[in-house]
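Colleague: Sequence:
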Amino acid sequence: MQKMIFIISFIFFTFVASLRGQNPLPTQTSSLFTGAGNCALCHTGNGTVLSENGVDISPTTHWRSSMMGNSSKDPLWRAIVEEEVHEHPHLKTVIENTCTKCHAPAGNRQSVQNGEPYYTMNQLKVDPLANDGVTCTVCHQINESNYGQVSSYVGGYTITSERKIYGPYLNPFAQPMITNSNYTPVFNASIHKSELCATCHTLITPTIDYSGQIVGTFPEQTPYIEWKNSIYSTNGTECQTCHMPKTDTPIDIATLPPAHTTLRTPYWKHLFTGGNRLVNRILSNNINTLQLTASSTHFDTTLFYTEQLLSKQTVNLTIEQIPTPGFMHVGVKIENLTGHKLPSGIPYRRIWVHFKATDDRSNVVFESGNWDSEGEIIGLDSLFEPHYSEITEQDQVMIYEGVTKDVNGDLTLNLLRSAGYIKDNRIPPKGFTTSNVSYDTVAIYGDAINDSNFNFSDEEEGSGSDIIYYKFPSQSGKAYNVEVQLCYQSIPARLTTYLSSIDAPDINQFLSLYNQADKSPSIIKQVSLELITGDKGTSQLIPQSHKLFQNYPNPFNPSTMIAYDLPYDSQVTLDVYNLVGEKVATIIQDETIPAGNHRVNFDASNLTSGI
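Per our numbering, the sequence shown starts with residue 1, numbered consecutively.
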């Protein structure tokens, strides 16, 4: 009995601790919006409804720990708003009103409905609906009247007082929603179009000179326009394809009425997955401080999908060998798999290559792109690193980023001072061209323009890739291990250094939370290979396994190339068979072939067709 009492007490304690780990979803209402807590009454997973293999995949379960669900409480965003107001105090109401259009839309848009001239950060901080982030009844009430138009950008979405909830399914069962929330569900296929996302993820900001005057505009965040200049805008790939992955499992999407058993497919998971692991972790570690409605378990799910997106859907990373006497010479190819520039969004974000070569005693012989405990890149130039096509010194670092300049042409971290880019070598998406009608808005700047490998392959534009070469002296016959990591960082150290110069409450809170965080970058992809320099000093990649590649060309006439990999010296026999399994030729017969990548030309001119 004592043991049973102990177990019950332990479970009760755990349950109470769990309740303390998050705040409830808001249930307040206004004339336009309702809190996500009201939506969750009917749209919550219970093992049958909104569940897949017994796992809750309901909208609020995934959304509440996403950056969308926490857009108004994001401590970095609040710090940046405060920094911009500090630099431009005469524009305080304009800045706060503009920023809350998308980060606190239920508060901002309701204030417009109420006839108020602007919406402030002070109003946001005491407004439960504003603190619900990009809440359900914001996105699901945006109609398509100005989709894709310039007027829709910078939070120019259209929401009316009709109280229509747009969804992707035909013939919605309307009465339960009408009865419980006074909203009417309506089918609208445009709910999963990129143009919906573009209303807030296209941000064109005014440029402010040092006299405080607006002297132009600056394309601060343009993933939608980048997507338009890619193959994805014409092949059916939308923003939601990657950021709201769908399941084809038939899903019952509502708990009411109880007898309701209509199954819908596909179902789009409201994960809103991005790459901002650092801020996700800051949120997860400070749930009570920031008064968040997600638990640490919710954030664990978001972080899991963040890692999956970064590691599996962001880039291909490969290494090629370049035989060069007296040197270790390797090419690192980065292929962008996303539908926008890499990285995209606010120009603070950066991706860089960490390249390290060690000898057979694990001594580092060449390293570029390592970082320190503050997350700063070692060897970083005081202003910024130029774009490189080849790196020969260890203090040269390949960084893909947008570096902004003010009206005087000087580097600036203040967004409203930004008048253009000194450097923008963020890797374009596949299909991106300089001839596109929107190119001027999303142009390439700096030395990348003259790099024949940047967004080019075989002299054809639009590869969505780049190749950077690393070259350093090597000893003949010596083994090296080369490790390449592609690193991502959403908050560079120089930004926090800049913010530290300003004493203001939201900035101080962010810096306090940031200083407790792990500042190491996210490793998107990494490759580690052994290389050996031959007798003539040429380098060769040592494969990890035996592999026979598809011959090329295929079909062929009269000859074709056959490639194969050997991870170590091997006895090799290479036979050729016809379509019915008969051996017709032996190219290699029981030969000892050294480790490496090998190719052999097969000439079938003396054989009949059909091989």
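You may find that some hints are simply not true.
[Stated by the list, open to error] Computed spacing ranges between beta-carbons, pair by pair:
1. Thr-297 with Gln-213: 48 to 54 Å
2. Ser-512 with Pro-117: 17 to 23 Å
3. Ser-389 with Thr-249: 46 to 52 Å
4. Gly-331 with Gly-156: 31 to 37 Å
5. Val-94 with Ser-145: 36 to 42 Å
6. Gln-213 with Ser-435: 20 to 26 Å
7. Asp-360 with Ser-389: 27 to 33 Å
8. Ser-545 with Pro-176: 55 to 61 Å
Read the hints as simulated data drawn from the structure, not as lab findings. Every residue, glycine too, gets a C-beta built ideally from N, C-alpha and C.
Colleague: Against this structure, judge whether each hint is valid.
Modeller: Against the structure, the hints:
The supplied range of 48 to 54 Å is met by Thr-297 and Gln-213, whose beta-carbon atoms lie about 50 Å from each other. For Ser-512 and Pro-117, the hinted distance range of 17 to 23 Å is not satisfied, since their beta carbons lie about 34 Å from each other. Distance hint for Ser-389 and Thr-249: a CB-CB separation of about 47 Å, consistent with the stated range 46 to 52 Å. As the Cβ distance of Gly-331 to Gly-156 is approximately 44 Å, the hint placing it in 31 to 37 Å is violated.
Checked against the hint of 36 to 42 Å, the pair Val-94 and Ser-145 fails, with Cβ atoms roughly 25 Å apart. Taking 20 to 26 Å as the suggested C-beta distance range, the pair Gln-213 and Ser-435 does not conform, at roughly 34 Å. Judged by the Cβ atoms, the range 27 to 33 Å given for Asp-360 and Ser-389 holds: they are separated by roughly 30 Å. Between Ser-545 and Pro-176, the C-beta spacing of about 57 Å keeps the proposed range 55 to 61 Å intact.
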